[in-house]
Amino acid sequence: MTLDVLYFAWVRERIGLPRERIETDAATVADLVEELRAREDRYAAAFADLAALRVAVDQDLTSFDAPLGAAREVAFFPPMTGG
Amino acid sequence: MDVRVQSDAFDAGAELNAFAGGRDDVGAVVSFSGLVRDDGGLRHMEIEHYPGMTAKAIEGIAREAMERWTLGDVLVIHRHGILRPGARIMMVATAAPHRAAAFEAADFLMDYLKSRAPFWKKEVRDDGADWVAAKAADEAALGRW
Chain V
1 MTLDVLYFAW VRERIGLPRE RIETDAATVA DLVEELRARE DRYAAAFADL AALRVAVDQD
61 LTSFDAPLGA AREVAFFPPM TGG
Chain U
1001 MDVRVQSDAF DAGAELNAFA GGRDDVGAVV SFSGLVRDDG GLRHMEIEHY PGMTAKAIEG
1061 IAREAMERWT LGDVLVIHRH GILRPGARIM MVATAAPHRA AAFEAADFLM DYLKSRAPFW
1121 KKEVRDDGAD WVAAKAADEA ALGRW
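Residue numbers (this note's numbering), protein chains in the order written: chain V, 1 to 83; chain U, 1001 to 1145.
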């Protein structure tokens, strides 16, 4: 499937781009993370500690074991600091 | 319910007057403003957000507040972009028949906006720049609700 993968804040800086379109067969967010980690060091660095990251699938916060199903957009970012 | 995500500055006084004005069904209005604080050497703050998700996430939080408390209305304005020290980042206002609901709902909204609205703050100082780390206490605060 085709997925838009978005990165924010220091995840964006570490990977070096704000978004990319990828082809993947990943079944869950965790599978997608494994695929991305295997790509290059900058991805491995960004995804080194999942406890420091949050994920949204189709713009809803979810967990790393969430299935991707028919997802169109996955975003990775650090814990939010609004307000 | 009025949720706005914008880069432009806003006039909190005018917003509050407009929010509270012209209605006779509420007896209490509470507002909170968040400002850019300079603890020393801050040039500006950069606030990044997730455009597709931000308004949706805040509307979800505001809807939950309206379900939990008897409220007449909720207003949330949150800015993104480059903000100087002293600038207003955001404001929340709640209107309710009675003050307890207005205070509690505003407190709830702030706790959730802090940890569940997709904004990230970066402090740019004279000697470098750092992303503001989320505090464990902010996450723990959600447990109050």
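Hints may be right or wrong, so weigh each one.
[Said to hold, decoys possible] Below 20 Å or equal to it, Euclidean Cα-Cα: the simulated SDA-like pairs (lysine to any residue) are: (1) U:Lys1122 to V:Asp25; (2) U:Lys1135 to V:Leu61; (3) U:Lys1122 to V:Leu53; (4) U:Lys1056 to V:Gln59; (5) U:Lys1135 to V:Ala51; (6) U:Lys1056 to V:Pro78; (7) U:Lys1056 to V:Glu73; (8) U:Lys1122 to U:Thr1054; (9) U:Lys1135 to V:Gly83; (10) U:Lys1135 to V:Val55; (11) U:Lys1122 to V:Trp10; (12) U:Lys1056 to V:Val55; (13) U:Lys1135 to V:Leu17; (14) U:Lys1122 to V:Pro79; (15) U:Lys1056 to U:Met1110; (16) U:Lys1056 to V:Ser63; (17) U:Lys1122 to V:Ala71; (18) U:Lys1135 to V:Gly16; (19) U:Lys1135 to V:Trp10; (20) U:Lys1122 to V:Gly83; (21) U:Lys1135 to V:Leu50; (22) U:Lys1122 to V:Ser63; (23) U:Lys1122 to U:Trp1069; (24) U:Lys1122 to U:Arg1043; (25) U:Lys1056 to V:Ala71; (26) U:Lys1135 to V:Ala52; (27) U:Lys1056 to V:Gly83; (28) U:Lys1122 to V:Arg14; (29) U:Lys1135 to V:Asp49; (30) U:Lys1056 to V:Pro79.
[What the hints assert, rightly or not] Which bits of chain V does chain U cover? Going by a derived footprint, with three or more residues having C-beta under 8 Å, they are: (31) 2–10; (32) 73–80.
[What the hints assert, rightly or not] Not the full set, but computed from the structure, chain U residues with beta-carbon under 10 Å of chain V: (33) Glu1048; (34) Tyr1050; (35) Gly1052; (36) Ile1089; (37) Ala1134.
Hints in this document: simulated from the structure, not taken from any laboratory. Don't be surprised by glycine CBs; every beta carbon is placed ideally from N, CA and C.
Which of the listed hints are not met by the structure? 1, 13, 17, 18, 22, 23
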